[in-house]
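> Numbered per the numbering used here, the first sequence spans residues 4 to 407.
In case anyone wonders, no lab produced these hints; they're calculated from the structure.
Just so it is clear, CB atoms sit at the ideal spot from N, CA and C, and this is done for glycine as well.
Careful, some of the hints might be misleading.
Stated by the list, open to error - The calculated EDC-like cross-link candidates involving lysine to aspartate or glutamate, where the alpha carbons are at most 16 Å apart (straight line), are:
hint, residue 1, residue 2
1, 36, 49
2, 54, 43
3, 374, 405
4, 74, 43
5, 370, 405
6, 54, 252
7, 351, 321
8, 224, 195
9, 74, 62
10, 359, 334
11, 359, 324
12, 155, 48
13, 346, 324
14, 362, 350
15, 345, 399
16, 224, 209
17, 366, 405
18, 241, 254
19, 121, 293
20, 362, 399
21, 374, 334
22, 224, 293
23, 370, 314
24, 121, 152
25, 21, 393
Stated by the list, open to error - Between beta-carbon pairs, the in silico distance windows are:
hint, residue 1, residue 2, range
26, 180, 252, 37 to 47 Å
27, 278, 78, 28 to 38 Å
28, 353, 402, 38 to 48 Å
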Amino acid sequence: MIKSLRGMNDILDENESKRFTYFLDIATDIAKKYGFYYIETPLLEETALFKRSVGESSDIVGKEMYQFIDKGENDVCLRPEGTAGVVRAFIQKKLDKAGGIHRFFYHGPMFRYERPQKGRLREFHQFGVESFGVASVYEDANMIMMASDILKALGIGYRLQLNSLGDNNCMPQYRDALISFIESVEDEICQDCKRRKSTNPIRVLDCKNEKCRSLYENAPKLINALCEECENDFSKLKKILDDNDIKYEIDTNLVRGLDYYSKTAFEFVSDNIGSQSAIAGGGRYDRLVEFLDGRPTPAVGFAMGIERLLELIEMPQESREGYYLGAMDDEAIDTIVFLTHKKRATDKAVCDFKAKNLKNHLKSADKINAKYCCVIGTNEMNNGTIWVKDLENKTESVMKLDSF
RNA sequence: GUGGGAUUAGCUCAGCUGGUUAGAGCACUGGUUUGUGGUGCCGGGGGUCGCGGGUUCGAAUCCCGUAUCCCACCCCA
């Protein structure tokens with residue numbers, strides 16, 4: 004038997020499938036209400052796109068990409084995340100030069116060659132939004148509110164963690180200060196932290212190792228090193244969230260794993276899905292358009308991991324819907340098929356192709372959660388009628404075929 | 001990539017220290033003296049016990065390998 008590849012799932016379980024489409028309906032609806040419109044970009048892109056945007060030092064690009072040389076000898080890879088492709092499209096379409104505000108949402112599969120775990124697949128699905136052309140911190144707040152609205156609409160509880168990563172003015176200085184601090188304690192820190200020092204020094208602050216943790220208590224804090232502009236934006240952001248009744252925690256160790264983020268960084272986490280607890284994450288990336296050869300354009304966005312949300316969604320109660328039609332004699336089956344087809348013009352309608360007794364038809368109608376069970380038996384055939392039972396209200400009636 | 005656990009019917013699982021035709025519940029399907037469901041009763045189908053080797057008279061059960069899932073690390077959505 005040929006099986007799906009490791010870490011790649013089919014979404015066909017009825018429960019899972021319903022949750023998946025339900026999520027997309029809700030998320031799409033809310034994104035549209037925020038004035039975003041749909042963008043679809045290719046799953047396959049030039050490898051260089053991700054190397055330059057996500058960053059070669061990140062694990063995503065460094066060791067998790069599905070990368071290969073295609074038949075035209077192009078170095079390509081399956082997208083590991085969604086932002087880079089959207090930014091590429093934005094620049095390619097010259098929207099950076101056109102100016103103005105452009106807001107997109109997207110959803111689709113992403114690919115990362117990782118060791119699979121619950122909530123961590125090699126092919127997984129994200130829903131994301133990207134906003135270009137708005138430098139104001141109000142847009143950052145808008146993003147957070149949208150993510151929050153989506154999660155609330157789905158009945159999902161979360162904690163929101165917030166940080167500021169600084170910008171070009173303050174981040175490099177802070178980074179240098181942190182690196183020299185790390186060097187001062189380098190003999191005592193763990194192997195992972197030694198590696199992080201060169202790959203992503205800010206990550207050391209997040210180390211789980213107890214000894215490292217206590218050493219880093221004396222490390223300089225980014226939150227104290229922000230320049231005036233970043234400091235003001237961050238304060239403003241907190242105020243907007245307070246005003247709109249969005250709860251958050253400041254996590255000074257929150258570092259996004261992708262190199263392109265600056266200023267606002269946020270993550271929505273759930274305590275109910277195991278160790279892969281981040282359900283949505285995002286932030287501002289004002290320099291990325293320029294990195295990818297576009298005209299400097301402020302931007303901010305977030306992405307949600309759909310699979311991680313699925314089991315957290317509180318599904319609305321399913322109510323009975325549509326018609327079930329059946330015949331008790333073979334001679335009535337053609338009539339049933341005809342009526343079912345007619346009914347579908349306005350309603351959901353399903354019919355059985357086998358003659359069965361009434362009890363079995365009722366059972367079948369119940370099984371598919373139909374609202375009406377409609378049956379033609381000998382009596383009905385003789386009178387040109389159909390027997391209709393409302394399975395919810397337990398009422399029944401007999402109707403003329405032409406008024407059905 | 002590192003360390004650990006699991007893998008038996010469509011699903012959730014039982015199967016003791018190896019011993020005759022591998023079980024249960026749910027699901028599916030048929031019937032229920034012949035027109036009333038979701039909540040009765042009786043029956044039926046469905047498993048090369050993840051895959052490949054080995055030990056043994058005999059393996060779902062022991063050993064080795066391998067695949068997949070799960071847990072922790074790492075990382076992230």
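> The structure should be examined with respect to each hint, and the outcome stated for every one.
Consistency of the hints with the structure:
Using a Cα cut-off of 16 Å, the hinted pair residue 36 and residue 49 is violated, with the two alpha carbons roughly 33 Å apart. With a CA separation close to 21 Å, the supplied pair residue 54 and residue 43 exceeds the 16 Å bound. For the proposed pair residue 374 and residue 405, the alpha carbon gap of about 20 Å is over 16 Å, so the pair is violated. A distance of roughly 24 Å separates the Cα atoms of residue 74 and residue 43; the hinted pair therefore is violated under the 16 Å criterion.
For the given pair, residue 370 sits about 28 Å from residue 405 by alpha-carbon distance, which is inconsistent with the 16 Å threshold. At most 16 Å may separate the alpha-carbon atoms for a hinted pair to count; residue 54 and residue 252 exceed this at roughly 32 Å. This hinted pair checks out: residue 351 and residue 321 have alpha carbons roughly 14 Å apart, not beyond 16 Å. Restraint check for residue 224 and residue 195: the C-alpha separation of about 20 Å exceeds 16 Å, so the hint is violated.
Of the supplied pair hints, the one linking residue 74 and residue 62 is violated, its CA atoms being roughly 27 Å apart against a limit of 16 Å. Only pairs whose Cα atoms come within 16 Å are accepted, and residue 359 paired with residue 334 is accepted, the gap being roughly 12 Å. Under the criterion of a C-alpha separation no larger than 16 Å, the hint pairing residue 359 with residue 324 is inconsistent with the structure, at around 22 Å. A hinted pair counts as satisfied when its Cα atoms are at most 16 Å apart, and residue 155 with residue 48 does not qualify at roughly 34 Å.
For the suggested pair residue 346 and residue 324, the alpha carbons sit about 13 Å apart, so the restraint of at most 16 Å is met. Between residue 362 and residue 350 the CA atoms are separated by roughly 24 Å; this puts the pair beyond 16 Å, and the hint is violated. The suggested pairing of residue 345 with residue 399 is violated, with an alpha-carbon distance near 21 Å, which exceeds 16 Å. Between residue 224 and residue 209 the CA atoms are separated by roughly 12 Å; this keeps the pair inside 16 Å, and the hint holds.
Between residue 366 and residue 405 the alpha-carbon distance is near 26 Å, which puts this suggested pair outside the 16 Å criterion. The straight-line distance between the Cα atoms of residue 241 and residue 254 is roughly 13 Å, inside the 16 Å bound, and the hint therefore holds. At most 16 Å may separate the alpha-carbon atoms for a hinted pair to count; residue 121 and residue 293 exceed this at roughly 37 Å. A threshold of 16 Å between alpha carbons decides the hint, and for residue 362 with residue 399 the separation of about 14 Å falls inside it, so the pair holds.
Proposed proximity of residue 374 and residue 334 is contradicted: the alpha carbons are some 25 Å apart, above 16 Å. In summary, the hint linking residue 224 to residue 293 is not supported, as the alpha carbons are separated by about 28 Å, beyond the 16 Å threshold. Annotation: proposed proximity of residue 370 to residue 314 is violated, straight-line Cα distance about 24 Å (limit 16 Å). Annotation: proposed proximity of residue 121 to residue 152 is violated, straight-line Cα distance about 25 Å (limit 16 Å).
Only pairs whose Cα atoms come within 16 Å are accepted, and residue 21 paired with residue 393 is rejected, the gap being roughly 25 Å. Range check, residue 180 to residue 252: about 25 Å between beta-carbon atoms, so the 37 to 47 Å window is missed. Between residue 278 and residue 78 the CB atoms are about 33 Å apart, so this pair conforms to the stated range of 28 to 38 Å. For the hinted restraint 38 to 48 Å between residue 353 and residue 402, the CB-CB distance of approximately 18 Å leaves it violated.
When held up to the earlier numbered hints, the structure conflicts with 1, 2, 3, 4, 5, 6, 8, 9, 11, 12, 14, 15, 17, 19, 21, 22, 23, 24, 25, 26 and 28 and fits the remainder.
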